[in-house]
Amino acid sequence: MRRGAGLAALALLLFLGSQAGRAEQAEGKAVPPGAVVVAVARESPLQRLTLEALRRAFLGLPVERDGIRVLPLVNRSDPLLYEIFLQKVVFLSARSYTRLLLSRTLRTGAPRPPEYTDLAALREALAARPGAVAVLWARDVHADPRLRVLQVLWAGEEAP
Amino acid sequence: MPLCERVRKWRAPVLMAALPCAVPVGAAAGDAAPGWEAQVLLFPSLTWVARTGAEVPAAGLPRKEATPAASLFVRGGRGRLRFLLEAAATDESASLERLKLGWETTRLAVWAGRFHNPATYWHDRYHHGEYVQPSISHPPIAAFEEGGGVLPQHLVGGLARARLPAGRRGLWELSLAAGRGPALGDGRLEPLHLTDLGRRRQGSSLVARLGWRPDELGDAEAGLVAARHRVPLAVPGAGTARVTVLGLYGAWSGAEWEVTGKAVRMRTALAGRRGRVTAAYLHVGRALGPQWLLYGRRDLASGLGGDPYLGRFPHFPGHGGALGLRWDFARGHALKLELARHRDGGGRTLRMWGLQWSAVLP
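Protein chains in written order, with our numbering: chain Y, 21 to 180; chain X, 75 to 436.
Derived from the structure by calculation, the hints contain no laboratory data.
Where a beta carbon is used, it is the ideal one built from N, C-alpha and C, also for glycine.
Some hints here could point you the wrong way.
A short, non-exhaustive set of chain Y residues, derived as facing chain X with CB atoms under 8 angstroms [stated by the list, open to error]:
hint : residue
1    : P52
2    : R68
3    : T70
4    : A73
5    : S97
6    : P99
7    : S113
8    : L120
9    : L126
10   : H162
11   : R166
One chain only, chain Y, in its complex shape (with noise of 0.2 angstroms):
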């Protein structure tokens, strides 16, 4: 019986972390400044991708979420960043992941996910799109109003 109850108990601090994990995402204002997101305007419709429909977003392949099509834009203001992108969201190498995107674009007519050096401009556009969705430092997202975190891709340390 006290065995049951303890398992009951861990269950229930379990399910309560999950949950607060959650709403730390949710609020976007308690995920580490340093970490890797997902960002979206504050009205986007969009609540959550996998990793699956993110790749296959940031790869040219249409994915529609939550109502709308999802519009990757690619964030090239800062090279680790993109780094990071690289290696947790698409997979390839920078040479690999250009030369499959024109190729896939050059073959097929497929859209290329439009790519951003300026982050000014970067947030402008998420802002101004409800499907639009970015990699972004978590204090980039912190600091517009007007965005929100959809998910954490890396809580990694503070970006130097």
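For this one, chain Y is given, so just place chain X on it according to the hints.
Below, chain X alone, put in the same frame as chain Y:
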């Protein structure tokens, strides 16, 4: 060279390069008119080539040349409707390489217009984007008509691509194409343009390609190709060549290595004579860090000499290879240095040094 001639030489590629400036900036980012979306890409390049070998003048090639070129690519669509345009210009010519209109669903795409032969895997992967292609030179068997290629590379007609799941992550892709193609002129194919339809002798082609990708999202692919071409000689009454092609291809790339290869068996018939030719290429690349790629390609061909169809291309460089180094020195810019050596069916050798800057904009 006089100044006016220099200006004329660079006019076409420079105009092509300037064209995207006339396109609204939003279009490049994917926001055209409401409901429509479009994207523009430009691939400029500048290639310096030096050739050595006793047969260079006989092949009609200059010993040294610098070729400015630009390829403009426009894609777009609305709903399931798609359009795609690819135009290329060099200092000597400008042409519409691809122009097609299509209807696309998740599993099927149907196109009509001028398109690349889907059985030529190299072009189906790189098209006219010099920056996308790892090397300066093409495998001879995949050369464009204007570049001395022996197989029709541009067709005017219809193309269908069907995509079917293969297991949990894989994909089968079947491409079928039927269309009109080039005629055979004096030692080279005369490509068929949209404006040529109904005006001059033209060939016909039926092409099928079945490809398998172990991961739909990845770069690896292997498959089979089959094609049947009827290539009339440009001189009326001179007959028509029949070329049947069967082949297999494969491509794979990892973090450090990349491999692309293809082998084809061609059966030819012209003026009551028959022939068989086998041709193949293997491209291997090894990344030396994030910006450098060392690559090599081996080209092989047998049965060229006595073939009734391939014999019409006396300078087709069937045997040989290329060795090169590629440096991606800035975002969207690459510099390639290549040494190539080839031998044609008559045993004549041609060596080439090439240096090329290429880029993709934006």
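Hint check:
| no. | hint | verdict |
| --- | --- | --- |
| 1 | P52 | 28 angstroms, violated |
| 2 | R68 | 20 angstroms, violated |
| 3 | T70 | 13 angstroms, violated |
| 4 | A73 | 11 angstroms, violated |
| 5 | S97 | 12 angstroms, violated |
| 6 | P99 | 10 angstroms, violated |
| 7 | S113 | 6 angstroms, holds |
| 8 | L120 | 5 angstroms, holds |
| 9 | L126 | 4 angstroms, holds |
| 10 | H162 | 26 angstroms, violated |
| 11 | R166 | 18 angstroms, violated |
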